[in-house]
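Residue numbers (the numbering used here), protein chains in the order written: chain A, 1 to 376; chain D, 1 to 271.
Keep in mind the hints are simulated off the structure, nothing from the lab.
Ideal placement from N, C-alpha and C gives every residue a C-beta, glycine not left out.
Just to be clear, a hint being listed does not mean it is correct.
[To be verified] Pair ranges (Cβ atoms, derived):
{"id": "1", "chain 1": "D", "residue 1": "S53", "chain 2": "A", "residue 2": "I184", "range": "26 to 32 Å"}
{"id": "2", "chain 1": "D", "residue 1": "A178", "chain 2": "A", "residue 2": "V367", "range": "51 to 57 Å"}
{"id": "3", "chain 1": "A", "residue 1": "V367", "chain 2": "D", "residue 2": "G179", "range": "52 to 58 Å"}
{"id": "4", "chain 1": "D", "residue 1": "S198", "chain 2": "A", "residue 2": "R107", "range": "46 to 52 Å"}
{"id": "5", "chain 1": "A", "residue 1": "R131", "chain 2": "D", "residue 2": "R79", "range": "37 to 43 Å"}
{"id": "6", "chain 1": "A", "residue 1": "G318", "chain 2": "D", "residue 2": "E117", "range": "55 to 61 Å"}
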Amino acid sequence: MSAATLDSRRLGNGVFQVDFGGNWTVGAALPDLSAALREMGSSEQIGGVRVSATKLGAWDSRFLAQLTHIIDHGRQQGIEVDTTGLPGHVQELLRLAYAVPERAGARRGESRTPLLAQFGANFLALLDDSRAFVEFVGLGTLSVGRLLTGRARFRRVDLLQIVQECGAMALPIVSLISLLVGLILAFVGAVQLQMFGAQIYIASLVGLGMAREMGALMTAIIVAGRTGAAFAAQLGTMNVNQEIDAFKVMGVSTFDFLVLPRMLALITMMPILCLYAILMGIVGGAIVAVSFFDISLMEYLNETQRVVRLRHFIIGLGKGAMFGVLIAIAGCLRGLQCGQSAAAVGSAATSAVVTSIVLIVVSDALVTLVLNRLHL
Amino acid sequence: MTLERADAGADEVIRVQDLTMAFGSFVIQRGLSFTVRRGEIFIVMGASGSGKSTLLRHMIGLQRPAQGEVLYGATSLWRANPAKRERLLRRTGVLFQSGALWSSMTLAENVSLPLGEFTRLNTREIREIASLKLALVGLAGFEDYYPSEISGGMQKRAGLARAMALDPEILFFDEPSAGLDPISAKLLDDLILSLRDSLGATVIVVTHELASIFEIGDNSIFLDPEMKTMTASGAPKRLLAESDDPALLNFLTRGNAAGRQRAAGGATRLA
Ligand SMILES: Nc1ncnc2c1ncn2[C@@H]1O[C@H](COP(=O)(O)OP(=O)(O)OP(=O)(O)O)[C@@H](O)[C@H]1O
Ligand SMILES: [Mg+2]
């Protein structure tokens with residue numbers, strides 16, 4: 001291996017000669033070009049630049065990149081760069097590299113936006129986002145209208161498949177989480193209640209907590225992570241593949257065909273999953289009460305039955321259905337807004353989960369407040 | 001080359017008027033004006049990245065022009081309300097450059113979907129038509145395959161079958177023969193010609209395939225990425241014989257403008 005050398009000097013006729021020697025490869029340590037480039041900078045003293053490679057050893061793309069530095073620099077200064085002293089293959093590759101001139105306006109400049117402008121842009125993006133969301137809700141309402149009048153078209157298989165995917169397949173994880181939430185509620189409450197000898201109220205605490213609040217909330221968060229993200233990824237990938245465009249030009253409503261079945265599936269499956277989660281939570285509470293706090297199963301169930309009324313279930317399941325709509329909207333909206341790359345699909349899925357969870361928690365807070373005011 | 005003025009007759013299917021295409025402030029092409037006539041095979045030529053696919057997107061209602069008009073007959077595509085636009089576009093079939101098959105459906109389902117949406121045929125008849133369309137593009141027997149289970153060229157052909165599903169009056173093909181072997185490409189040209197001759201379809205084709213440009217093209221435009229506009233329009237053979245634009249000649253002769261006579265001779269032999 002002979003080290004790379006760079007020999008630049010002025011010839012008598014005013015021509016500036018740059019001679020390359022040794023190995024100019026990716027692995028090699030290269031001499032600094034900047035001195036030679038600086039010397040080229042003063043064009044009035046230079047009658048031209050000639051590059052040659054009399055003692056050049058091995059070379060690869062790195063050599064070419066260094067050459068393009070010199071050539072581009074020369075062009076900027078309006079100096080002719082003579083490359084005929086280079087090996088034939090190098091000349092041929094350079095010719096190809098410069099065969100298609102750079103497209104005017106195609107190169108992306110690095111633009112730095114000031115902080116305030118970024119803040120403004122983000123705020124406007126948030127406004128746009130809200131508008132898109134409201135528009136999407138509107139489209140959804142119209143679509144449901146078409147469904148009710150029998151004019152919305154989608155494939156029944158799609159609906160069934162989504163129902164299976166977001167309903168039945170979610171049972172294991174919903175069982176696990178809600179059973180544990182029931183256990184936790186029971187334990188946390190029991191420690192306090194025991195001080196007053198009122199352990200029996202574990203049953204009402206767990207029953208009410210699960211039915212009114214935790215059943216729907218936990219299910220919604222699980223479904224947002226499982227199904228909302230899946231919706232966004234599916235629709236996002238379809239967008240990347242131009243499958244959505246294909247629907248559009250065919251005059252098939254993407255909303256009816258893709259969003260509606262997903263929305264229907266979640267509206268129907270969420271209350272069922274919630275009901276299941278509530279029951280699992282009560283079972284969890286019962287396990288704790290019976291095995292640690294000396295309450296018989298019958299006592300526990302009687303107390304639960306006494307306190308938890310039908311309206312509590314209705315509130316819980318109603319919330320579940322509402323969360324289902326929100327998850328479907330967030331998932332589908334983010335999917336359809338997805339950009340044109342694999343990374344965009346990933347961020348669409350993330351954004352779908354974040355959006356759903358924000359919507360779920362905010363709407364839950366509002367509903368709880370309203371119900372409280374109404375004394376329900 | 002000058003644009004041949006259309007004698008605004010009934011045979012005018014699509015007219016593009018002074019169209020400017022841009023992504024944000026980056027203009028792709030400006031000042032595009034041309035007419036596509038009924039029963040014509042209209043070729044859109046241009047170097048890679050010159051904006052051919054983007055032009056198709058403007059003509060099929062997927063991208064709004066920065067300026068100018070796309071007219072279907074006398075109706076402006078972009079000024080029509082969405083319902084009207086949808087009705088105009090229902091007469092068209094599109095093959096996307098990437099195929100864009102619906103990946104969750106089998107090939108037969110892909111082709112059947114438009115039939116199920118817009119016709120009153122029963123399931124068996126739909127299935128028969130779908131099989132026929134797939135057979136026309138050489139995919140008989142692949143009805144129950146998913147797009148991910150077939151090759152790129154086969155996806156292209158399946159996309160073609162889907163575009164033809166409803167026997168549309170106007171067909172847009174974006175590089176139909178890219179990724180096909182020479183024999184399939186030749187069969188594809190025959191298919192396009194017979195679609196035109198049997199159904200009277202108007203076909204707008206984006207293609208780089210010189211052999212098929214000369215064999216099937218009745219009319220064409222050439223998009224120049226440097227000038228950012230169309231620098232020529234007319235029948236491809238006439239352009240080859242008469243044009244003196246080096247960019248166009250290089251395109252039509254694979255960078256070998258001096259070989260113009262040879263290519264033209266080859267073209268006439270092909271025809
Ligand atoms: N989404 C986009 N955002 C910004 N610029 C784009 C976008 N899509 C395409 N372009 C630009 O538009 C130009 C034309 O792209 P287009 O896909 O229409 O080219 P084409 O003529 O079809 O090329 P090819 O023959 O390679 O398919 C390209 O220069 C590209 O940089
Ligand atoms: Mg293209």
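For each hint, the structure was consulted:
For the pair S53 of chain D and I184 of chain A, the beta carbons lie near 56 Å from each other, so the given range of 26 to 32 Å is not met. For A178 of chain D and V367 of chain A, the Cβ-Cβ distance of about 55 Å falls inside the hinted range of 51 to 57 Å, so the restraint holds. For V367 of chain A and G179 of chain D, the hinted distance range of 52 to 58 Å is satisfied, since their beta carbons lie about 54 Å from each other. With their beta carbons about 48 Å apart, S198 of chain D and R107 of chain A fall inside the hinted range of 46 to 52 Å.
At roughly 23 Å, the beta-carbon separation of R131 of chain A and R79 of chain D lies outside the given 37 to 43 Å, and the hint is violated. Distance hint check: the CB atoms of G318 of chain A and E117 of chain D are about 35 Å apart, inconsistent with the given range 55 to 61 Å.
Consistency with the previously given hints fails for numbers 1, 5, 6, ordered from lowest to highest.
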